[in-house]
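Asker: Sequence:
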Amino acid sequence: MKNSQVKRIIQENKSIIEEQFGVKNIGIFGSYVRGEQNKDSDIDILVEFAKPISFFSFLALEEYLKKQLGTPVDLVTKNALKPIIGRQILKEVSYL
Numbered sequence: 001m002k003n004s005q006v007k008r009i010i011q012e013n014k015s016i017i018e019e020q021f022g023v024k025n026i027g028i029f030g031s032y033v034r035g036e037q038n039k040d041s042d043i044d045i046l047v048e049f050a051k052p053i054s055f056f057s058f059l060a061l062e063e064y065l066k067k068q069l070g071t072p073v074d075l076v077t078k079n080a081l082k083p084i085i086g087r088q089i090l091k092e093v094s095y096l
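Each residue of the sequence shown is one higher than the one before, starting from 1 at the first, in the UniProt record's numbering.
For the record, the hints were derived by calculation from the structure and aren't laboratory data. A hint or two may mislead.
Stated by the list, open to error - List time: in silico DSSO-like cross-link candidates among lysine-lysine, alpha-carbon distance up to 27 Å: (1) Lys2 - Lys67; (2) Lys7 - Lys51; (3) Lys91 - Lys51; (4) Lys2 - Lys51; (5) Lys14 - Lys2; (6) Lys39 - Lys67.
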């Protein structure tokens with residue numbers, strides 16, 4: 001799958017992602033942004049929520065994105081980023 005396809009699918013589902021899961025911001029980072037993805041790559045997705053959510057809601061969002069994209073996703077919250085790698089992620093994230 002190409003970066004443009006990932007972005008299109010997320011954009012098409014953005015209203016559901018925002019309304020049902022309370023997502024304030026969503027973006028992709030990692031191999032898909034750098035154009036280094038291969039057939040075994042997962043899709044790295046950074047999210048920020050409008051308000052705190054339960055762990056089960058987080059897992060439900062991850063599963064929803066996996067189903068829509070048809071490939072494994074690695075869902076990360078901005079608050080969970082470690083300082084050093086977090087700075088790199090924030091530099092390369094492509095918000096949708």
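Asker: Hint by hint, note whether the structure agrees.
Answerer: Hints versus structure:
Among the hinted pairs, Lys2 with Lys67 is consistent with the structure: their alpha-carbon atoms are about 16 Å apart, no more than 27 Å. Restraint check: the Cα-Cα separation between Lys7 and Lys51 comes to about 24 Å, which is no more than 27 Å; the hinted pair holds. Restraint check: the Cα-Cα separation between Lys91 and Lys51 comes to about 24 Å, which is no more than 27 Å; the hinted pair holds. Restraint check for Lys2 and Lys51: not satisfied, since their Cα atoms lie roughly 31 Å apart, outside the 27 Å limit.
Our distance criterion of 27 Å between C-alpha atoms is met by Lys14 and Lys2, whose separation comes to about 18 Å. For the hint linking Lys39 to Lys67, the alpha-carbon distance of about 17 Å falls within 27 Å, and the restraint holds.
Violation of the numbered hints given earlier is confined to hint 4; every other hint is satisfied by the structure.
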